[in-house]
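*Asks:* Each chain, letter by letter, is given below.
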Amino acid sequence: MKRAISQLVWLLMLLTTNVLADQGQTVIVMSLRSPAYEQVAQLLTENMQSYQRRVETVTLEKWSAEALGGAENYIAIGGQATQSVLERAPGKLLLSVMITRSAYQVMQARHGHFSAIYVDQSPQRVMALAKVLLPEKKNIGLLAGNKENSVEPSYQQAAIQLGIRAESAFIAREDVAATAINQLLEDSEGIVALPDALVMQSNTAKWLLYMAYQQNVPVIGFSQAYVKAGALAAVYSSPDDLSRQANEWLTGYFQKNIPMRGRGSYPKYYDVAINRWVAKSMLLDVPDSDEILRRIDQQSPRGQQ
Amino acid sequence: MNLRVRLVMLAVLPVLLVTLILGFYIASSRIDDVRNELDARGKILVKSLLPVAEYGLFTGNENILRNACEATLREDDVLSVAVTDAKGEFVWHSYRDNFIGRPAESDGKLLYFRQEIYRTGMQVSDFAEEHHSSGDAPALTMGWVEVVLSKEASIERQQNEWLNALAIMLVGLFASLMLGLRMGQGVAMPLMALTRSVKRMERGESDIRVKEDASGELLSLQTGFNSMVDSLQKAHSELQNRVQEATRELQQTLQDMEGKNIELENARRQAMLASMAKTDFLAKMSHEIRTPVNAILGFTRLLKKNLREKDQNAEYAQTATRAAEQLLFIINDILDFSKLEFGDVKLENIDFDIRDSLEDAISMCCPLVHEKGLELVLLIDSDVPVKVTGDPMRLNQIFSNLLNNAVKFTSKGGVTAQLSLMENGTDYVSVRVEVRDTGIGLNPVEQRGLFKAFSQADNTITRRFGGTGLGLSIARRFVELMDGSIGVTSEPGMGATFWFEVRLGKQKNVLPDDVSPIFAGRNAVVYDAHPVARRSLRNTLVGWQMRVLNTGDVTKLEHMLVNSVDLLLLGLNSEEAQSRSLQSMISRVREVYAGPILLLPNVEEFSLPAPLNSDNHLMVVSKPARRMSIYRCVSQLLNGEGEVNYADGVAEVGHDLPMENFRVLVADDNDFNLMLVSTLLKQRSVQVIEARNGAEAVQKFGTEDVDVVLLDVHMPGVDGIEACRQMRQNFPQKRVPIIALTADVFADHEQRLLRAGADDILFKPITEQQLWKTLGKWLALDRLKAGSAEQTFVMAQQVNVPASLLPQLKQELPLHISQAIEACEREDMAAVHSSVHKLNGLAGYFRLQSLHAEIKSLELDLLQMKYDNLSARLSAAKENIAVLLTEMSAENS
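Going down the list, the sequences are from chains A and B.
So for the first sequence, the working numbering puts the first residue at 1; every next one is plus one.
So for the second sequence, the working numbering puts the first residue at 306; every next one is plus one.
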C-alpha cells in the first residue's frame, strides 16, 4: 500500500515537473529509492505540508534537466543527491541530510558552504561510548582508512578530550587491511572502527570483527549493522532522528525565518545499539541503553558537537 | 515336472529373483554411496578449508594455511591439500609421500577437488548509499583450495560391498532353497501321497487310506480324503446292495413281464385268430350272401328280358331286382365299413378319367332318379384336368354315397353335382365335388353327427328313407384315406350341399381325347328348361368345338331352328317327356326343322311313345346322359351309321364280338351261379363246359380245349385259388385266360388270386355288361395271339386312332418296347418295368385292347417278379406292335 502511494506520488511529480519551478516550492531530491531515504522524505514532506509548504520529492534519476533551477529550496537526501543539487542548482538554498562528514567536507571545499546534517556521529559521542563501555581498557585502538582523508584526527582529539589513550592504525590499501588490524590488535584492548571508506569495506569489517573476536578485543562500530555483525556497540541516528532534526531546521527557516546555518552538523538525536551476545562472550558488563545514553550525554553533551 | 519340484520352484524362483534384484540394487546403491560419499567428503573438505584459506590469504598467515592443510591431510584418503593465490601459485601445499602430482580432473584412482576462494564481507553500514559509496568492491578471487583424494580405499570398499552383497545373496538363496525344499516337501509329499491314492482308486482299489501326518489344511485334506473314501466305500456298498436288490426286483419284474408277454402273445394270437376268423367269416358271409343275390339279380334281369313290358310279372321282376340291388347295396356298405375298420382298404393309384368315374355313379342313380322324377345334372367345370391318377372305384363310391343320399332325401326338384378345380399343382390336382339337392335339409345338430357311423340325422329318417346310416361314414373314411375333406352345408327345408375335396395325381403325357374335328363348327341348338342341365349340355357341345345356341324357353325354339342348324338337343323333364306333350313338341319342331334331333328325356327310354322310333333322324338318350352316349349319338346323327369315332371301351367290343365259336370253362359250386353264367353265355352261343368244383375244373382245363376259364374262388375241396395255381402249374403251355369270380372284398384275396396265375377278377354280383366286357377283352386278345380270322375285326377296333396322333404313336410304341428289350438284355428289371409301364399306359390310352391286355399281363408278371420267358414275351410284343402299326398306317391311308 505504501509502495503504491509512493508510486502515485512519483507519477504526480512527473506530471507536474514544471510546477517545481515555483519558488514557493521545496524539492526533495533523493540519491536513490531506499526505505530510509523515503522515510526521511516523507517525514519532511509531512512536516512542511503542515504549514502549507508545497513539497515535491524526486529521485536523482527522475530529476529531469527541464525541472532544474526553478525552485529556490532544495533538500538533498544522501551524498549523490547533494552533489547533484550543488552542481545543477548552484546558489539555491540547500539542506543536505544523511551525508557523511567526509563527503560534506569534500563538497564544501568544491561548492562552498551549505547546510547539512551528517549521517555519522560526532567523534566525541563515539569515544564517549567507548569510555562508557570500556572504562577499564586503557588502550583503545582507532582503525582508520587512508590517512590523508581520514576522520582519525578528530577522533584522536576526542579521545584526548575524554582522557582516552588511543592508538591509530591506518589501512593504506584494502589488501593490506589485515596488517593494520593485526598491528592494532597487538596493542589495543578495544578498537573503535572509524567511518572511513576503507574501514567501511565489508571484507575489512568482517576480518576486523573476526580477528578481534579471536583475540577477545571488543570493537565499537558506527552503525546498527556493525553491531549486528559482531561489534559490541555503536551510537547511531535513525531516519526519524535525522528527520526530526531537519524538520526543526526547516520549521525555523520557513516559519520563523531563522536562517540556515550554512554548515554541516552531527546528528542531534541518536541512539545506542548493544550486542549483548558479544558482551556476554567477552565477559563484559554492559549497562542498559538508557544508562549508556545518559553517560554519553554526560561525556559529550548534544549541543556541543 | 512333479509337484514337489514345482513347489520348490514356486518357493525359490521368486525369492531368487527378488534376491538378485535386491542384491544388485543394494550393492549398486552402496557402491554409489561410497563413491558419492568420497565425492561429498572431498567437497566438504574443500569447503571447510575455504574460510580458513580466505583468512590465511587475507592475513597472509602461512601458519594458518599450513595448519589447516595439515589437518585436512590427516583425513583418510586425502593425498594432497593446497592453497593457491589468485594466479594459481601455491601459497601452501601439504601432501603425502605417495602423491605424485596434481592429477587431471578425472583420474582412475584419484579424485581432484578445487574451489575458488572469494573475498567476502559483511554489511556494516545502516544506509545503502554509504555502503556503496564506501567503495566496497564485489567479491574477488583470492585464490584456490585444492584437495586430492585417493580412490583406492573407496574402490576397496566398493569391492567389499559387492562381495558382501554376493554373500548375502548366496546365503539368502541357500536359505530360501532349503526353506523351499522343506516347505515343498511338507506340501508335496502329502499331496503326492493323495495323488497316488486317487490313482489307486481310479484303478478300482477301494481299501485305501492316506497317512495323516501333515498339518493344517493338508491334514484336513488327508482326513477329508480318508473320510471320503470311507463314505465312498459305504456308498458303494449301499449302492451295490441297492443294485443287487434292484436287479433282483428287475429280474422278478422281467419274469412277470415275460409271463405277461406270453399271456399277451397268447391273447394277441387268439385275437388274430379271432380276427382272421372274423375276416374269414366276413368273406364267407360276403360270398354266401352275394352269391344268391347275384343269382337273384341275374335271373330277374333274364326274366325281365323275356317278359313283355306291360306284363304285370315284369313289374314284379323289376321290384325283385331293386330289392336285390338294395340288399346288395346294404351288404356292400357293411362290408366296406368292415374293411375300413380293419384297415384293409388299400387305395389304387391308376390312370382314369374322372368324368367316367362320376358318370358311372350318376348312371347308377338313374333308375331311382327317374322313378322320383328328379332332375339329376352333372356339371364339370371346363378347367378341371380330367385325366388323373388315383382310385376311381373309391372316388366313385364316395360320389355315389353323396349322390344316393341326395336323391334319397329329395322328393321333388333335382340334384346337381358339380366338379370344380381347387388347386392345379405341377403333379397333382385338388378337386371339389359338390352335390346340391332340394331335399329336406338338415339343422346344425343333425349335421354334426352326419358322418359318424350308424348315425342318421333322425331315427325316423331311417324308418322313412331306409339305409344303414353307413354311407356318409364310409365316404368320410375314403376321403380321409385320400387326404381330403368332406362336409355339408344345409338349412332345414332349404336342401343340402354335400361336398368333398380330394387330391389326385396328374397323368403324364396326357393327350386330348375326344376332340373330334367332325363336330367342329357344326351348329347346334340346345333346349332344356333346367338351367344347370342346359349349361351342362352346352358345355359338352362347346367342348367338341360346336357352335351352340341354347334356350330354356320352348316358345323360342322354333325361331332358333329357322336358321341352319345341324343338331337339336332337347333336354326334357319328366313332365315334358310325357307322351302327349312330347309328341306335340316334336311335331312343332319338325314343322320348322328336319335335321337330327337328340332327345334327352328325364325318363327311361322305354317309357317314351313308340311313334318316335319312326323318326330316323331322332335318337334318344335318357337323362342324365353320359358324355360318351351323347357323343356316340351325335356322331351317328351327324355322320351316319358306322361312323362311331369315339373309342368307347371294351364293353362295346364284348357286346359286338361274335361269341359262337368260343369255348368257356365255367367252374362254380353254386348251381344258381353256374346256371346263371351258363345261361348268359349260351344266349350268345358260347360253348360252355361246366365244372362244379376246383378239381373238376383243373381236370377239364387239361382235357378240354377252352378259350377262357371263369373260375369261382370259393369252392369246396380245391378252391378257385388252388385250382388256378394247379392249372398254371400243370399246364404251363396253355396260356388260356383265367378269370376269377369272387364275392370276396378283401385286398389280400385279390393278391392271392393274381399270384396264383389268374389274369383277371370279376367281383360278384356280376352284371351281364361286366361279363361281356371282360370276356370280350380276353377273347379278343386270344384271337390276336391265335391270328384267327376275327383278328381283322379286333384290329379294326384297335387301329381306330385319330390320324393326327398316329405319328406320335408310331414313334412311342417302338421306342419303349426297344428300351424294354435292351433293359432285359442287361437284366435291368427296373428299367424293363418302367418301359413296360409306359407301353401299358399308351396302349390303354389309345384303347389298343389286345396290345393293352398283353402288356398289362406282362407288367403284372413283372410286378410279381415273374421273369419266365420275359425276353420271348417282349419280342412277341414287339412283333405285335409292328403288325399293329402297319395296320394303323394302312387304315389311315
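Think of the hints as simulated: they come from the structure by calculation, not from any bench.
As the structure is a prediction and not an experimental result, all values here were calculated from the model.
Take the hints with a grain of salt, since some may be wrong.
Some but not every residue of chain A turned toward chain B, in silico, with C-beta under 8 Å [stated by the list, open to error]:
#1 PHE170
#2 ALA172
#3 SER223
#4 GLN224
#5 ALA229
Think of the CB as a built atom: it goes at the ideal place given N, C-alpha and C, for glycine as much as any other residue.
*Asks:* Of the hints stated earlier, which fail here?
*Replies:* The structure breaks hints 1 and 2; every other hint is satisfied.
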